[in-house]
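There are 4 protein chains.
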Amino acid sequence: MITVGIIGAGRIGKVHTQSITTKVPNATIKTIADPFMNKDTEKWAKSMGIKNTTKDYKEILKDKEIQAVLICSSTDTHSKISMEAIKAGKHVFCEKPIDHDVKKIKAVMDCLKKNPKIKYQVGFNRRFDHNFEAVRDAVKAGKIGKPQLIKITSRDPAPPGIDYIKVSGGIFLDMMIHDFDMVRYLAGCNATEVYANGAVLVDPAIGKAGDIDTAIVTLKMENGALAVIDNSRKAVYGYDQRAEVFGSKGMVMNANDSQSNIVIANECGVTGEKPLLFFLERYMDAYAKEVKCFIDAIEKKTNTPLGVMDGLQPVLMGLAAKKSLKEHRPVKLSEIKF
Amino acid sequence: MITVGIIGAGRIGKVHTQSITTKVPNATIKTIADPFMNKDTEKWAKSMGIKNTTKDYKEILKDKEIQAVLICSSTDTHSKISMEAIKAGKHVFCEKPIDHDVKKIKAVMDCLKKNPKIKYQVGFNRRFDHNFEAVRDAVKAGKIGKPQLIKITSRDPAPPGIDYIKVSGGIFLDMMIHDFDMVRYLAGCNATEVYANGAVLVDPAIGKAGDIDTAIVTLKMENGALAVIDNSRKAVYGYDQRAEVFGSKGMVMNANDSQSNIVIANECGVTGEKPLLFFLERYMDAYAKEVKCFIDAIEKKTNTPLGVMDGLQPVLMGLAAKKSLKEHRPVKLSEIKF
Amino acid sequence: MITVGIIGAGRIGKVHTQSITTKVPNATIKTIADPFMNKDTEKWAKSMGIKNTTKDYKEILKDKEIQAVLICSSTDTHSKISMEAIKAGKHVFCEKPIDHDVKKIKAVMDCLKKNPKIKYQVGFNRRFDHNFEAVRDAVKAGKIGKPQLIKITSRDPAPPGIDYIKVSGGIFLDMMIHDFDMVRYLAGCNATEVYANGAVLVDPAIGKAGDIDTAIVTLKMENGALAVIDNSRKAVYGYDQRAEVFGSKGMVMNANDSQSNIVIANECGVTGEKPLLFFLERYMDAYAKEVKCFIDAIEKKTNTPLGVMDGLQPVLMGLAAKKSLKEHRPVKLSEIKF
Amino acid sequence: MITVGIIGAGRIGKVHTQSITTKVPNATIKTIADPFMNKDTEKWAKSMGIKNTTKDYKEILKDKEIQAVLICSSTDTHSKISMEAIKAGKHVFCEKPIDHDVKKIKAVMDCLKKNPKIKYQVGFNRRFDHNFEAVRDAVKAGKIGKPQLIKITSRDPAPPGIDYIKVSGGIFLDMMIHDFDMVRYLAGCNATEVYANGAVLVDPAIGKAGDIDTAIVTLKMENGALAVIDNSRKAVYGYDQRAEVFGSKGMVMNANDSQSNIVIANECGVTGEKPLLFFLERYMDAYAKEVKCFIDAIEKKTNTPLGVMDGLQPVLMGLAAKKSLKEHRPVKLSEIKF
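Chains as they are written, first to last, in this note's numbering: chain A, 274 to 611; chain B, 274 to 611; chain C, 274 to 611; chain D, 274 to 611.
Next up, chain A with everything else stripped away, as it sits in the complex (with noise of 0.2 Å):
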């Protein structure tokens, strides 16, 4: 039984306690942190069997019942939480992504190469998600051949908030991050070159927040693949996730989820359901699964399925997509100084 504290009592803090209170039998939750502690929140904590609430992550640090924390906590605190929790020899889960900065997170880097016992996990939910686990573990198997082509459909029901677009760090890292997490997870390898098209197509205001919404973006592989992405900040059928790798032997892709596998036939033709609403629907059994591998990595001393790599690798992508788009020009991740 592994004993944890959740840093950050937002909307991804919420999902992991539910998750380890139900899902986690072998992890035990001792303390929740958040700095706007209130007494809704506090008595959440308690339905959900949690006995200690505080207002400062620093007591889950000093409590040495506590082995391993997650950092649920906003992106901008992160990677410091990140090495004070090293230090404090915790264990930790940390959502994505590290940090925009890649500085940043060479510093955890160089904190996790002073700690070596310590498990640390990046928070890439869609690699554990039933359908994208199926399609990596068929080409794994070889069951496709060698990868030379890989798709990547990743597009959200609607955009976010303004406000929130102005301090996402841009649709590559915000968005698209994850889904260059994906394109290595089915690659079984690093990028090399990246090229990005981005439109505005979607809201004009996105446009004067200096963002886009729309975009395609496409990758060079280690292994020779050739990779695509396409993103778009609202699909009004919902929430569209694919992948399809093709390769020396065939061909592997996933459909979405959806609530059921009904399908209505009428006068208008034949419907099925549309994809599930959002990631909440989608990846709820995903991020379950995610934080049962940390727990069991912890418990049987073996590493992490995404260590702190895992997490630098993304924001290089991004920052080169960003990069591609700013200069008009294909820009190879070796560009990007960390």
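Just so you know, the hints here were simulated from the structure itself, not pulled from any lab data. Worth double-checking, as some hints may not be accurate.
Identical copies carry no separate label here, and so any pair may be met within one copy or between two of them.
[Claimed, not checked] Within a straight-line C-alpha distance of at most 25 Å, the following computed DMTMM-like cross-link-like pairs (lysine to aspartate or glutamate) qualify:
hint, residue 1, residue 2
1, K573, D313
2, K296, D313
3, K369, E554
4, K377, E554
5, K413, E540
6, K416, D530
7, K328, D383
8, K599, D530
9, K599, E495
10, K296, D530
11, K296, D558
12, K303, D329
13, K522, E546
14, K507, E540
15, K413, D476
16, K596, E495
17, K287, D558
18, K353, D429
19, K574, D429
20, K390, E572
21, K596, E608
22, K522, D583
23, K493, D476
24, K390, D410
Note that the coordinates shown come from a computational prediction; the quantities given were computed from them, not determined experimentally.
Place chains B, C and D on chain A using the hints.
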């Protein structure tokens, strides 16, 4: 090159004429006969490259150049013309059913026994559909093991007129007769017992005319498999033609054909096209293929794919179903005398 | 918060325990009883956070804190414990079937009439499956018009052991009973007549044990619709659970669930995953949902979604099917006395 | 009735001949010309009902009865014969591409300007495929709103011989040229910029011949949409031809066609058929339809569905893609001079 005559220039006669003209290179139509032959039909016949038109089908039977006839006249003339043609030494393709009266089918059988060189084929076109052929091929190849359950769905887009219903012989002999043939084709054997459920759910006028419009019929097959056929005279989404064969090693089933394979995803769901509208759309290629097989059997002196026995059995099954519905009990095929 | 006791710690008792512990926040299990209670089960119960374990279910009935019981014991005890629990003032969730003997179900009904405040629910879990709920919702919303044809496919991946078959009550009461419930759920009414076809095609030992392993049953429903259910004890491709409702305005049907939605295209074809293996995989969420509905009905003082009449009707249908198979004729539900 | 001549009796010349003979009732072929005309081809021409055969296509151009020609000769002769035919007053259906050299296309355009009554159509057959037509119809009808992302997948079952590769003009002008036409068709506008990724992943011999066999090309369209095309010379599962258009109100995409719509479920999964093998299987009906549209345009004196500009643009796009790959940067269409 086989020279043929077409007897009957109604809808199905025209279908076969077009098939032979455009898709059966080893046959040529010399003459087309129809008691209602008129200027329009003559014009159409010329446009199809047919030399002769006549009101009297006996001209075809007398013509020594003509080797084969397609009997596309009204059902009540099928057996009579079949026998005349056989006696005249013509190979015969006869539209289904040969007759609703088994004695008349028996007479055709006797006639064929005396003329063993004559090729005789009955027009159960669905066996030549690419989907049902693929289902049958999978069964025959042993891909699903020994058949145990056979399910056939057959629903028309709209009922025929009440005048037609009155002379149709009833749903079992008019509509389900195709499915009785299909279940024999898929099982590879005859039925031994039939139990019929029926109801008037589409149009009370059909009930008033002494028929039903909705039916579920279960069957026992000689090979031990159980089967079920469901029929409706009105499926608002189009012509629904599906089969499923379940066996000891697996299951095979087909989906309907549509005009295209597109899907549109929007706020209402993910919508594909309806099935093709009706038999002329769904089975156009099958109509051509059945005639091609008939011509090939003549040329290559092989058996036709469906002989007179294949014309008889579905009629026996239909009569058994009628009796079952009337007497409200399972009826053995052996109870139907012929 | 409703305090419950679990009677029976076998497979299904454990399923419900886990559901309540992890997915039913408004219920808590105080005690679990099982005549074969042992160290392992006690240890498991502790791990689930259950305070008390006992060999004697009467301890639960006596416990005034316990408001509701889940009867997960062997079928022959369901009706007896139901009545004892009702008399003890406990709300009752009883696994299906209440009994194979309609008199005993009648006794439970009488008992409930005398205790009108008691909530009683029967465990037909499939109604809570996301796919069948969606089919039912479409029918209820009028999306397919008036139901005319209902088709249910229900095939197990492998037959149970012969020892189980012998005491199972036969395929109609043991396996098809779920489909009898489903057809009532989808039609929104009772059946009036049943005709059963059966065969031994999977394993001769099942026939020797006096049962069949393959069946097609047709039904007439009170609303005029015709229905058909097919069952096989062995589908090599997994648990096949499909329903189709056809009506005056369209058709709705569901597909099976799989572990993932991937397809692999290679030289052999385009292959998707098999259906989920069996009921624990397919219906795990449905099991949780049915218990949640039971607990909610107690809390909110509403009707349970399935009352004792819903427990009775499928047994009547099963007995009618048995009689039909034996007497080789259609049997009216009204012929089954109770 | 339009009288036509066929210039070139190779594979595609034979396809068009068969289409006209069997599926285009308002056209008749008088003469077929081929420099390698021989006994076999003459015999085949007779079997198609064609009166004249010749080695010299100029006989066709001189024949006053012939109103239209189909140019099915080798690519290097397309523009020259186009101009000769136009000058001879014949309507022209020219196989794609008109030429790889834009100057020669320009010359055809100039020639057409001087002969405004001549109908000219380029053979981009895929526009006439039932699936792509349905995608385009949905877009045109506004069903997906304003197009934002267009994705085209186009993969051949096997690469052509190296000798062909050497003279093909390269993957962009030989294979992707169809997709360049498709993206214009689906977007309803021209491209403005192209960026090409390419690799040799199928066969090193293709690389040695100076070509690539795998490509991902991204495009910007005049209407603001972004597009991506992926090509592979070898998909082991068959001819993969899919398109997807995503817009402000939804998404439309097509699936491949197969020989049948069956699926087989067994212990290995649920397997459907592979896509149809190659272009002759997938596009046979489309080939007939494009010629039918050409003949109809002549008869009805309307525009052909694809004019000479539709022949030019994909060549410009292919040349831009070539330049992009070579110079490793995005290339504007306006950089390609003509």
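Quick rundown of the hints versus the structure:
no.	hint	result
1	K573 x D313	between (36 Å within a copy, 24 Å between copies)
2	K296 x D313	both (23 Å within a copy, 21 Å between copies)
3	K369 x E554	within (19 Å within a copy, 32 Å between copies)
4	K377 x E554	neither (32 Å within a copy, 44 Å between copies)
5	K413 x E540	between (44 Å within a copy, 18 Å between copies)
6	K416 x D530	both (23 Å within a copy, 23 Å between copies)
7	K328 x D383	neither (29 Å within a copy, 58 Å between copies)
8	K599 x D530	neither (35 Å within a copy, 41 Å between copies)
9	K599 x E495	both (24 Å within a copy, 20 Å between copies)
10	K296 x D530	both (21 Å within a copy, 21 Å between copies)
11	K296 x D558	both (9 Å within a copy, 13 Å between copies)
12	K303 x D329	within (14 Å within a copy, 36 Å between copies)
13	K522 x E546	between (32 Å within a copy, 16 Å between copies)
14	K507 x E540	between (29 Å within a copy, 12 Å between copies)
15	K413 x D476	between (40 Å within a copy, 22 Å between copies)
16	K596 x E495	both (20 Å within a copy, 24 Å between copies)
17	K287 x D558	both (14 Å within a copy, 21 Å between copies)
18	K353 x D429	neither (30 Å within a copy, 52 Å between copies)
19	K574 x D429	neither (37 Å within a copy, 40 Å between copies)
20	K390 x E572	within (12 Å within a copy, 49 Å between copies)
21	K596 x E608	both (10 Å within a copy, 24 Å between copies)
22	K522 x D583	neither (28 Å within a copy, 35 Å between copies)
23	K493 x D476	between (30 Å within a copy, 18 Å between copies)
24	K390 x D410	neither (29 Å within a copy, 53 Å between copies)
Taken one by one, the earlier hints fail for this structure at numbers 4, 7, 8, 18, 19, 22 and 24, listed in ascending order.
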